[in-house]
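Listed here are the chains, written in short residue letters.
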Amino acid sequence: GENVEQHPSTLSVQEGDSAVIKCTYSDSASNYFPWYKQELGKGPQLIIDIRSNVGEKKDQRIAVTLNKTAKHFSLHITETQPEDSAVYFCAALTGGSYIPTFGRGTSLIVHP
Amino acid sequence: DTAVSQTPKYLVTQMGNDKSIKCEQNLGHDTMYWYKQDSKKFLKIMFSYNNKELIINETVPNRFSPKSPDKAHLNLHINSLELGDSAVYFCASGGGTDTEAFFGQGTRLTVV
Chain C
1 GENVEQHPST LSVQEGDSAV IKCTYSDSAS NYFPWYKQEL GKGPQLIIDI
51 RSNVGEKKDQ RIAVTLNKTA KHFSLHITET QPEDSAVYFC AALTGGSYIP
101 TFGRGTSLIV HP
Chain P
113 DTAVSQTPKY LVTQMGNDKS IKCEQNLGHD TMYWYKQDSK KFLKIMFSYN
163 NKELIINETV PNRFSPKSPD KAHLNLHINS LELGDSAVYF CASGGGTDTE
213 AFFGQGTRLT VV
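Quick note, the sequences are listed as chains C and P, same order.
The first sequence: position 110 = 110 (my numbering), numbered continuously.
One rule links them: number in my numbering = place in the second sequence (from 1) + 112.
Just chain P, with the same shape it has in the complex (with noise of 0.2 angstroms):
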């Protein structure tokens, strides 16, 4: 059983379209997580949703949007896609404070 799986893998899609990739988690955790993973490598956090509180990285676009509807699932929906959108994204969920992250596959997004 995969612990946290997101979908799809790839998207390919244009500039100016809306696209959402799922995830779900199956570990019973609270936490889940959205991370951005440029070319270098770099994982950066977009949202936190904690026991419904969201916590939002105020750096992150309000064309990218969580949506939850229920604990095991935080799906991420990106509005008007742009170039610089392109990246692999990651959801992870977590068991709460002061414990590891449980990572997904990872969905390589190409915005052409």
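Just chain C, same shape as in the assembly (with noise of 0.2 angstroms):
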């Protein structure tokens, strides 16, 4: 079966600094990925995501990487405010499948 890990489990930034969330699969037939976002209390949320055939997907100060040959995929957060403090989880779920992998979750901490 599919397995994600993700790095780092927690990560500490200054508000106004960029943060960098990195995950790699072993399943090559996985084509879809979504990032979540958990603020505390609440459950995941879709934050963005990116299929097998684009490399790369933006929106605002939030993108998203994906690198089919090496199979790693990064969340790239730019200026980061103190609203952005989360837990974020990426996941891949392979072609035809309706249960994505989760990664075990990175803790973002933005110092203001």
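To be clear, the hints were calculated from the coordinates, so they are not data collected in a lab.
Please note: incorrect hints may appear among the correct ones.
[As the list claims (entries may be wrong)] Pairs of lysine-lysine residues, derived as BS3-like cross-links and limited to a Cα-Cα distance of at most 25 angstroms, are as follows:
{"no.": "1", "chain 1": "C", "residue 1": "K37", "chain 2": "P", "residue 2": "K156"}
{"no.": "2", "chain 1": "P", "residue 1": "K179", "chain 2": "C", "residue 2": "K37"}
{"no.": "3", "chain 1": "P", "residue 1": "K183", "chain 2": "C", "residue 2": "K42"}
[Unchecked claim] What follows is a set of in silico ranges between Cβ atoms, one per label pair, in the way DEER data are often shown:
{"no.": "4", "chain 1": "C", "residue 1": "S18", "chain 2": "P", "residue 2": "S132", "range": "30 to 40 angstroms"}
{"no.": "5", "chain 1": "C", "residue 1": "E15", "chain 2": "P", "residue 2": "A184", "range": "37 to 47 angstroms"}
{"no.": "6", "chain 1": "C", "residue 1": "Q60", "chain 2": "P", "residue 2": "T171", "range": "37 to 47 angstroms"}
{"no.": "7", "chain 1": "C", "residue 1": "V20", "chain 2": "P", "residue 2": "P181", "range": "40 to 50 angstroms"}
[What the hints assert, rightly or not] Partial list, computed: chain P residues near chain C (C-beta under 10 angstroms):
{"no.": "8", "residue": "Q118"}
{"no.": "9", "residue": "P120"}
{"no.": "10", "residue": "Q149"}
{"no.": "11", "residue": "C203"}
{"no.": "12", "residue": "R220"}
The C-beta atom is built at its ideal place from N, Cα and C for all residues, glycine as well.
With the hints as a guide, dock the two chains, each given alone in a separate frame, to form the complex.
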């Protein structure tokens, strides 16, 4: 089955800095890669996703890159703000599957 | 309108009791899931239910059972609760293969 590794487990940055979270996956048949943000006391919510036919996608301060050859994808947050503090999860879905495999999460702390 | 709603939000119960968590989605999705999130924030898939096909994570004890009265509902029943069952349980729904999952707000279960 698919295996998703996520690093780092904790990331502490100053407000205004950039934050990068990296994930690797094992199944070359995976073709959909969502990123979720989980705020305290809430369920994970999708913030951005990318499909295997795209190398990069951007939405305001967040961007995701995908390297299919190396089987890794990354989340980039620029100009971080305190409200970006949360746990972030990457996930991967294999083509034809409806069960995402999640990484173990990254706790992002943005210090004002 | 809440897309995926689960009740109760908090549940405190004694060891040995039987309890249920309800979940409803109004997104018209065919797929629903139950996830368990432990204290380290790891999201573990417990069950997925798609068009009456139930896929069970083999590591889930058979004290846990999902019940789907219709496509919009997937309830979780837990028998003979144990201390180790304490966690946050998330219900989610999805539109099909290779698409995002929408999560409920979670149910924090505490077994004492």
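Here is how each hint holds up against the structure:
no. : hint                                 : in the structure
1   : K37/C <-> K156/P                     : holds (16 angstroms)
2   : K179/P <-> K37/C                     : violated (28 angstroms)
3   : K183/P <-> K42/C                     : holds (24 angstroms)
4   : S18/C <-> S132/P: 30 to 40 angstroms : violated (45 angstroms)
5   : E15/C <-> A184/P: 37 to 47 angstroms : holds (42 angstroms)
6   : Q60/C <-> T171/P: 37 to 47 angstroms : holds (39 angstroms)
7   : V20/C <-> P181/P: 40 to 50 angstroms : holds (44 angstroms)
8   : Q118                                 : holds (9 angstroms)
9   : P120                                 : violated (14 angstroms)
10  : Q149                                 : holds (9 angstroms)
11  : C203                                 : holds (9 angstroms)
12  : R220                                 : holds (9 angstroms)
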